[in-house]
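A.B. asks: Protein sequences appear in the order of chains A and B. This note's numbering numbers the first residue of the first sequence as 1 and each following residue consecutively. This note's numbering numbers the first residue of the second sequence as 1 and each following residue consecutively.
For the record, the hints were derived by calculation from the structure and aren't laboratory data. Treat the hints with caution; some may be incorrect.
Per label pair, the in silico range of CB-to-CB distance [unchecked claim]:
1. Phe-16(A) / His-48(B): 44 to 54 Å
2. Ser-57(A) / Asn-342(B): 46 to 56 Å
3. Pro-44(A) / Thr-255(B): 36 to 46 Å
4. Glu-90(B) / Leu-40(A): 20 to 30 Å
5. Ile-124(A) / Gly-183(B): 32 to 42 Å
6. Pro-44(A) / Lys-286(B): 29 to 39 Å
7. His-48(B) / Leu-69(A): 43 to 53 Å
8. Leu-295(B) / Lys-12(A): 48 to 58 Å
9. Asp-84(B) / Phe-127(A): 37 to 47 Å
10. Glu-115(A) / His-310(B): 50 to 60 Å
11. Gly-183(B) / Leu-277(A): 27 to 37 Å
Quick look at which bits of chain A chain B covers, simulated, 3 or more residues with Cβ under 8 Å [claimed, not checked]:
12. 61–67
13. 141–155
14. 230–239
15. 259–266
Treat the numbers as computed from the prediction; the structure is a model and nothing was measured. Just so it is clear, CB atoms sit at the ideal spot from N, CA and C, and this is done for glycine as well.
Read off the chains here:
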Amino acid sequence: MSASPLKVHKVKEKGFSAFLLFSGTLVLMVLGAFFVTLVLQSFPLFRETGLKFFTTSRWVPMENAFSVLPFIAGTLMTSFLSILIAFPFSMALSILLGEYIKTGPFAAAFKSVTELLAGIPSVIYGFWGIMILMPLVQSLQIKLGVIPYGVGVLTASLILSLMIIPYAASLGRDVISMVPGDLKEAAYAMGATRFEVVAHIILPYARSGITAGFFLALGRAVGETMAVTMLIGNSNFIPKGIFSPANTMASVIANEFGEADGMHTTALIAVGLVLMLLTGIINSIGKSIMKRFQVGG
Amino acid sequence: MKKVMKWIMLGFVLMGSLSFVEAAEKELMGAGASFPYPLYTKMFSEYHKETGVKVNYQAIGSGGGIKQVLAKVVDFGGTDAYLDDAKLREVKEEILHIPTCLGAVAVTYNLPGSPTLQLTGDVIADIFMGKITLWNDQRIQSLNKTVNLPKMRITVVRRSDSSGTTFIFTDYLSKVSADWETGMGRSKTPSWGATAIGAAKNAGVAGQVKNIPGSIGYVEVIYALSNGMPVASVKNKSGRFIAPTLEGVGLAADTDMPADTRVTITDTAATDGYPISSFTWVILFKEQNYGGRTLAQAKETLDLLWWMIHDGQRYNEELKYGELSKEAVKKAEAVLRSTQYNGKPILK
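So that you can see chain A by itself, here it is in the shape it has in the complex (with noise of 0.2 Å):
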């Protein structure tokens, strides 16, 4: 009954090569089924109320109101503006470590703060932004004579461009040392300065994957629950400035779907698949561009 050396050995073979496809399928089926599972249970929501959830821009549950606006408005203005805030230092940031002080204790500081900063479990974000940037918030929206709520679009701005500029400042960096180095002796031997190679030659060749790296920052604000629903005010407005309090999609998901029954939990779920459709955009149209870089370079 022994089998023969060969005949075990393709057995082997055989057994890897499956494992590794059926683990590989089973993520896939997973992202399928997310997907699958957000459809069936929010079509009721459409099959109810037609397209009122893009047209309206009430959200009511107690007279079944359902409207996905206020949140799809709250998300982008607080992921837009965090990246906004985020852009410079980012950048400059991406500039120095890729480019100006590439090694050395302070390079090798910065990585290991930035991989502490993305592990810090959002919460704590949120605990910090109620303890320190409310006040601060509260202070200047006295001096410029607005409601001192402390809370609001641009208070949970500023938390998610904290939590967004380890990200896009280690991909920039990623991308700005890798511009070749024959590009920029010729750029000095023909007289540049360094400000002038790092304007005209590592910008322009890196532009394409530090924009990547902007989009997969994008990705992680929109998604971001906990430490936005803490600052975020919790309105379920479409704000009217950066003071308004506002509600993400994550954070009316995170507020309401624990007591919620009926069509309000199917309105919620609804939430859920546009915010996976929006993070699904951002997410590949950063990949594409950065597969264009790769490419290109």
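Please arrange chain B on chain A, whose structure you already have, making use of the hints.
C.D. replies: Just chain B now, with coordinates in the frame of chain A:
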């Protein structure tokens, strides 16, 4: 290969015996309202010491508790808002309510000097609807003649999650203000205005009120007291201003209770009762044979609930919850006695 199989088999055997051990230790499962959670935690830990029965209560919110009971995955649920007639008709099996304690929703605020304010129901309603926007508004000032109210904007803080606390609060306001009833409604998630700040859970509302000068919010009274925040005395039906104290809450329950114990005591008729008070309930199925439960397990559940409305009541006061009145306990006993296993009564 054979070795691997052996290990897997051993694993299964181990897992099997583990779950056996688990089944041997008596454990009851409950889920629901977070408002009585501090009290329940204390009660269940004492009950474990006395009887050796472990009770696992998940404070996932009233709505979640009802869902878990209907899904038949827990022995009992906890809720701050009783199931209304429509909801009870929806459910095929009969659901029973057992009151366990009394609580109050306090109106708390952030004003310089933390004065104790006196407020009426319709003023509270108009503040939370955004109709009264300044603290020195004539209607607030005339109720508090001795207090020097600042000309400050009022910021309303409300619960962002759907909550039993909100239900009790809006139930009261709907009774005293017709505008509130039609405009905002009696709900766990009423239609708040755009300028009301939402914060999660009682602790979140208390924190936000503490942080924003000129703000006002509503929380279970313990959250205001433990944070050293001022609470308003509210005018009740008899025209008296009552503070949300244990006494005021206890007196609020001094009204007729229907046999099924489902009663709201907001806007109570009791002379010295605090008007924003409420019972909180444990709910369970009348027919205890469901989801493969044994008679022994049903008995364990009922013993626990019996203990909670009798011996367990001695922990209410130290944790700032109102005790059940004798009448309420009697009604609750009758409800507990009506439980059945396969149609036969369980308790004698």
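A.B. asks: Hint by hint, note whether the structure agrees.
C.D. replies: Status of the hints after comparison with the structure:
1. With their beta carbons about 50 Å apart, Phe-16(A) and His-48(B) fall inside the hinted range of 44 to 54 Å.
2. At roughly 54 Å, the beta carbons of Ser-57(A) and Asn-342(B) sit within the given window of 46 to 56 Å.
3. Between Pro-44(A) and Thr-255(B), the C-beta spacing of about 41 Å keeps the proposed range 36 to 46 Å intact.
4. Checked against the hint of 20 to 30 Å, the C-beta distance between Glu-90(B) and Leu-40(A) comes to roughly 23 Å, which is consistent with it.
5. A hinted range of 32 to 42 Å for the beta carbons of Ile-124(A) and Gly-183(B) is consistent with their spacing of about 39 Å.
6. Pro-44(A) and Lys-286(B) have their C-beta atoms about 31 Å apart, which keeps the hinted 29 to 39 Å range intact.
7. Take His-48(B) and Leu-69(A): their Cβ atoms lie about 50 Å apart, and the range 43 to 53 Å holds.
8. Restraint check, Leu-295(B) to Lys-12(A): a C-beta distance of roughly 54 Å satisfies the suggested window 48 to 58 Å.
9. Taken as a hint, the range 37 to 47 Å holds for the pair Asp-84(B) and Phe-127(A), whose Cβ atoms sit roughly 38 Å apart.
10. Against the hinted window of 50 to 60 Å, the Cβ-Cβ separation of Glu-115(A) and His-310(B) comes to about 56 Å, which satisfies the hint.
11. Checking the proposed 27 to 37 Å range against Gly-183(B) and Leu-277(A) shows it holds: the Cβ atoms sit about 35 Å from each other.
12. For the region 61–67 of chain A, the stated coverage by chain B holds: 3 residues have a C-beta nearer than 8 Å to a C-beta of that chain, and at least 3 were required.
13. Residues of the region 141–155 of chain A with a Cβ under 8 Å from some Cβ of chain B number 5, which satisfies the need for three, so the listed coverage holds.
14. Counting residues of the region 230–239 of chain A whose beta carbon lies closer than 8 Å to any beta carbon of chain B gives 6, which meets the minimum of three for the stated coverage.
15. Residues of the region 259–266 of chain A with a Cβ under 8 Å from some Cβ of chain B number 4, which satisfies the need for three, so the listed coverage holds.
Comparing the model with each numbered hint stated earlier shows that all of them hold.
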